[in-house]
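**Student:** So the sequences go chain by chain: A and B.
Counting in the working numbering, the first sequence runs from 1 upward without gaps.
Counting in the working numbering, the second sequence runs from 1001 upward without gaps.
These are computed hints drawn from the structure, not numbers from a lab.
Check the hints yourself; a few may be wrong.
[What the hints assert, rightly or not] Negatives, chain B to chain A, calculated, CB over 12 Å:
(1) 1007
(2) 1016
(3) 1019
(4) 1038
(5) 1042
(6) 1068
(7) 1073
(8) 1079
(9) 1098
(10) 1102
(11) 1111
(12) 1122
(13) 1173
(14) 1183
(15) 1236
(16) 1238
[Stated by the list, open to error] Listed below are the simulated SDA-like cross-link pairs for lysine to any residue, each with C-alpha atoms no more than 25 Å apart in a straight line:
(17) 157(A) - 1108(B)
(18) 259(A) - 1182(B)
(19) 157(A) - 237(A)
[To be verified] Just a sample of chain A residues kept apart from chain B, beta carbon distances all over 10 Å, derived:
(20) 32
(21) 62
(22) 64
(23) 81
(24) 84
(25) 95
(26) 111
(27) 113
(28) 132
(29) 135
(30) 141
(31) 164
(32) 175
(33) 184
(34) 227
(35) 259
Glycine included, each C-beta is placed from N, C-alpha and C at the ideal position.
Here are the chains, one letter per residue:
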Amino acid sequence: MNAIEQQLQYEKGNRASLILTFIIIIFLLVWSASAINLDNMTTNGVDMAKNILLGILSPDWSLLTNFRGGVPYLLIETVAIAFLGTMIGAILAIPLAFLSASNIVPKPVAFIVRLLLICVRTVPAIVYGLMFIRVTGQGPFTGVLTIAFVSVGMLTKLYVDVIEELDRSVLESMTSIGCNGFEKIRYGIIPQLSALFLSIVIYRFDMNLRDASVLGLVGAGGIGAPLIFAMNSYKWSQVGSILIGLILLILIVEFASNKIRSKIVNG
Amino acid sequence: MNLLSPKKIQLPNGKTVVEKRSSTPLIIIVLLICTITSINITGFELEVIFKRINQFFVILADMIPPNFEYMPNLWQPLLDTIKMSLIGSVFGAIFALPVAFLAASNIIRTRFIASTMKFLLSLLRTLPTLVVALIATFIFGLGTMAGTVAIFLFTVSYVGKLLYEQIENANMDAYEAMQSMGLSTVYAFRYAILPQVLPNYLSTTLFCFEGNVRYASILGYVGAGGIGLLLQESLGWRNYVNVGMILLMLVVTVFIIETISEYYRKKLM
């Protein structure tokens, strides 16, 4: 039997598990088909869709260009919330990431910190928003704290992957030429981590901007609250102008963050 | 500007070399300015945090111990949440395949089509899922359908983007050979490109499904079905024991799903 025939034999053995997986997926799909039901669809659903589309196509220009209290100000507020939240989260996540990296601290410690972080990550941002409202009242300040808290959970996870890939041979050679602990951190560890950390933080800022734009739903500042007010009162042209502003902002930030990140990582 | 101009060093043999200045100080200054502006806009005060942070733990303490008697009411919404994310992810991933095919500039030679599809995908990705869900509730009414649509759209945009990037980076040799033998674009794609991107495609879909379970859990907040509806109700009534129970169930569910999906993703790689 030559190599090609062997490979063919191997492929056949795979078929049973493939079919089984397929059956399981089909079964799960049929089971979850009940999620699709149009019973609740209001008869004017199509009309509604048309109105929303018309609103987006004919936005409220005065709201879109009004710098005092209009869309631009709300967008700036949203960016400020996301920026400050990301900065705080990025700094707080560094010690936590080292505490949960299994090549830095003992395994049990790393496991406990990780478990804690999984819990922190799973709780939806909106719940944190409601909890922080008790602390600081309604407004953008609450949004900052919420974004910071949520990003700590996510950033730590991404930091840890980088830390665990750390090249230890550099540190060994620095020890052999007599560097002390501080010098090892300054010249051995920071240069390895800084670029990747920065890239992660910028990526997270991108995500946080989206989160910050919906946190307004619970009264945590930003553009979310005006959006939901406009929707609930069926002012579709205002909804349109807010959505256009939001889409433009996110497109620009995403484009810029992609450019900066590829420059940081590729040098 | 002195800060950015390279530093000249005179070597002993008379030659001059230039050392590029690090841009770190400039970046730090820009970041500081942005931070101060943001602090002014958002009204951030460290003092308030230290004074009132105990209020945060008041709610947390109210949640413990969770109300286990509330559990029987939670199974149905929790299953709804999983169903929503499952069906949304699967259909989204299936739909993403032709979209990615059309958006890949190495398969579709008409630049207009490829760039239009790419633009549509990034437009779709900009809208936060919660906003999409909110709009969907106006069209499809309150319930799981709106949530499913929101998750479907998110999955299409996310998987579609990663998939077309993989297609564009795929090895084209086999594809070109097949085309030269006279296979149509679709067939050549099916037998030359798809096998290359399939493991990554499945792994991306699984990863997206993981994230979708998390998203689906809050979609109920705007009336799009699932456990979020109960979460909003309990939060509104300040019934924090029940909130604790909901969150506990969510953490356990997400943990289980994440573990399963991570196992399969490692196998795919």
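**Student:** Is the claim that residue 227(A) lies outside the interface with chain B correct, judged by CB distances over 10 Å?
**Tutor:** Check fails; 7 Å does not lie beyond 10 Å.
**Student:** Could you let me know if the closest chain A CB is still more than 12 Å away from the CB of residue 1073(B)?
**Tutor:** At roughly 18 Å from the nearest Cβ of chain A, residue 1073(B) sits farther out than 12 Å, so the non-interface label holds.
**Student:** What's the verdict on residue 259(A) and residue 1182(B), does the C-alpha distance respect the 25 Å limit or exceed it?
**Tutor:** Violated, at about 40 Å.
**Student:** Run the C-beta distances from residue 1183(B) to all of chain A and say if the shortest one exceeds 12 Å.
**Tutor:** 22 Å, holds
**Student:** Taking the shortest Cβ-to-Cβ distance between residue 1173(B) and chain A, state whether it exceeds 12 Å.
**Tutor:** Consistent with the label, residue 1173(B) stays out of reach of chain A, its closest Cβ about 19 Å off (over 12 Å).
**Student:** Was residue 81(A) rightly flagged as not at the interface, with every chain B Cβ beyond 10 Å?
**Tutor:** 6 Å, violated
**Student:** With d taken as the least Cβ-Cβ distance between residue 62(A) and chain B, does d exceed 10 Å?
**Tutor:** Correct as stated: the minimum Cβ-Cβ distance to chain B is 22 Å, above 10 Å.
**Student:** So is residue 1098(B) really clear of chain A, every C-beta pair being over 12 Å apart?
**Tutor:** Since the minimum Cβ distance to chain A is about 19 Å, residue 1098(B) lies beyond 12 Å and the statement holds.
**Student:** Would you say residue 135(A) is clear of chain B, with no C-beta pair closer than or equal to 10 Å?
**Tutor:** 5 Å, violated
**Student:** Compute the least Cβ-Cβ separation between residue 175(A) and chain B, then decide whether it is above 10 Å.
**Tutor:** 26 Å, holds
**Student:** Just want to verify: residue 32(A) was marked as not at the interface with chain B; is every Cβ pair farther apart than 10 Å?
**Tutor:** Non-interface label fails for residue 32(A): nearest chain B Cβ at 3 Å, not farther than 10 Å.
**Student:** Just checking, residue 1007(B) versus chain A, shortest CB gap more than 12 Å?
**Tutor:** 19 Å, holds
The structure fails hints 4, 5, 8, 12, 15, 16, 17, 18, 19, 20, 23, 24, 28, 29, 30, 34 (numbered hints given earlier, in ascending order).
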